[in-house]
Amino acid sequence: KNQVEQSPQSLIILEGKNCTLQCNYTVSPFSNLRWYKQDTGRGPVSLTIMTFSENTKSNGRYTATLDADTKQSSLHITASQLSDSASYICVVSGSSNTGKLIFGQGTTLQVKP
Amino acid sequence: DVKVTQSSRYLVKRTGEKVFLECVQDMDHENMFWYRQDPGLGLRLIYFSYDVKMKEKGDIPEGYSVSREKKERFSLILESASTNQTSMYLCASSFVSGRGTYEQYFGPGTRLTVT
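Chain order of the listed sequences is A and B. This note's numbering puts the first residue of the first sequence at 25, with every later residue one more than the last. This note's numbering puts the first residue of the second sequence at 26, with every later residue one more than the last.
Just chain B, with the same shape it has in the complex (with noise of 0.2 Å):
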């Protein structure tokens, strides 16, 4: 079974702190997401790498960085926390299929709040 695992299923910060999620793929996969989910917006990609020390930016980049120095880990990173990034963070990892398709893992989530 592939397993995707965030260190924290809940995380409470205060504004300006800075603030690492961190997540963990075994399968060996070369993509690896982050996104965050709020109601009635769905899920918005942050950041997203597809190799080792390579990353791009997804919809909504401001306020976070990300770092990939090992394959099986994604870490995303908030500079200075702030209020309006109270959320469900959402990691993920991917591989390519045979039909060509990227069938996409999901982690258990992050409820982060900052106070």
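Just chain A, same shape as in the assembly (with noise of 0.2 Å):
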């Protein structure tokens, strides 16, 4: 079965420490994995997208990184500010040419001052 499965399911930290979420999943074909930001009461945004060859990716303060053959992908906050705090969604995509994602539960992020 299709699976993507996130670490921790929620995180607090203060102000300015860095963080690590964790996702791994068990989609089979794999096309790419994306790490989207959900604000409360919003629509995710996207905030990075890695294929198969690529196994860092870099938004402004996110990293996120993938190990394809242990089916695992991170995404690093460095620095963190209050605007941080959020969902954040991994995402993987199987080979289909209509677009169709699998989405994992989210971790919420709060950053507290």
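Keep in mind the hints are simulated off the structure, nothing from the lab. Among these hints, one or two may not hold up.
[As the list claims (entries may be wrong)] Computed footprint of chain B on chain A; a stretch qualifies when at least three of its residues, placed anywhere within it, have a C-beta under 8 Å from a C-beta of chain B:
id: 1; region: 67-73
id: 2; region: 127-136
[As the list claims (entries may be wrong)] Quick list of simulated restraints, FRET-style, between CB atoms:
id: 3; chain 1: B; residue 1: 37; chain 2: A; residue 2: 137; range: 47 to 53 Å
id: 4; chain 1: B; residue 1: 97; chain 2: A; residue 2: 83; range: 26 to 32 Å
id: 5; chain 1: A; residue 1: 50; chain 2: B; residue 2: 51; range: 32 to 38 Å
id: 6; chain 1: A; residue 1: 42; chain 2: B; residue 2: 136; range: 28 to 34 Å
Yeah, the Cβ is synthetic: ideal placement off N, Cα and C, and Gly gets one too.
Reconstruct the complex from the two isolated chains, following the hints.
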């Protein structure tokens, strides 16, 4: 069964600290992996997207890694800010021409001052 | 900027009512999707459409139908709303990027409450 699992479920950190969110997937065949940020009451917004051949991708203070052999990804947030408080969703796409995605349940991050 | 808009941010309906959720995208995307998002369950695909008048069931289509009469508009229909359809509904659209990946853009969501 195609699944995407994220950990931890929730996380609280102090402003300025770094954190790492984890994603394990069992989707096969694999096309690409994305990380989305979803603010409360808003739709998800794409942070990074990585294909099979890419093992790291940065977007400002966000750095995603991908190990296609172990089927694991991580999202590292550097020097966290209060605006980083959100849900972070790992999403995997199998090989499909319709763009169908498989979503993780998300990690809720709260950054405290 | 890609824009995906949804007709309502908040909606309250009574059990048994027919409910229409509208989604419009302005980037000429072929693919459009309807999801629902519930705490602890993540986003689940209800229906998707890869062309006008084309539709395919997602993972949880029961109790829902869709309509895509024009490329830019994708409607989700709850024929007879029930309390277990209380949820956040998200619309998305996508195209094929140069790398063969599918950038998917989401609308702001409609929080539907069925009483």
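So, going through the hints one by one against the coordinates:
1. 67-73: holds (count 5)
2. 127-136: holds (count 4)
3. B:37 <-> A:137: 47 to 53 Å: Violated, at about 35 Å.
4. B:97 <-> A:83: 26 to 32 Å: holds, 28 Å
5. A:50 <-> B:51: 32 to 38 Å: Since residue 50 of chain A and residue 51 of chain B have Cβ atoms about 36 Å apart, the given range 32 to 38 Å holds.
6. A:42 <-> B:136: 28 to 34 Å: With a Cβ separation near 33 Å, residue 42 of chain A and residue 136 of chain B satisfy 28 to 34 Å, so the hint holds.
When the structure is compared with the earlier hints, a violation turns up for hint 3 alone.
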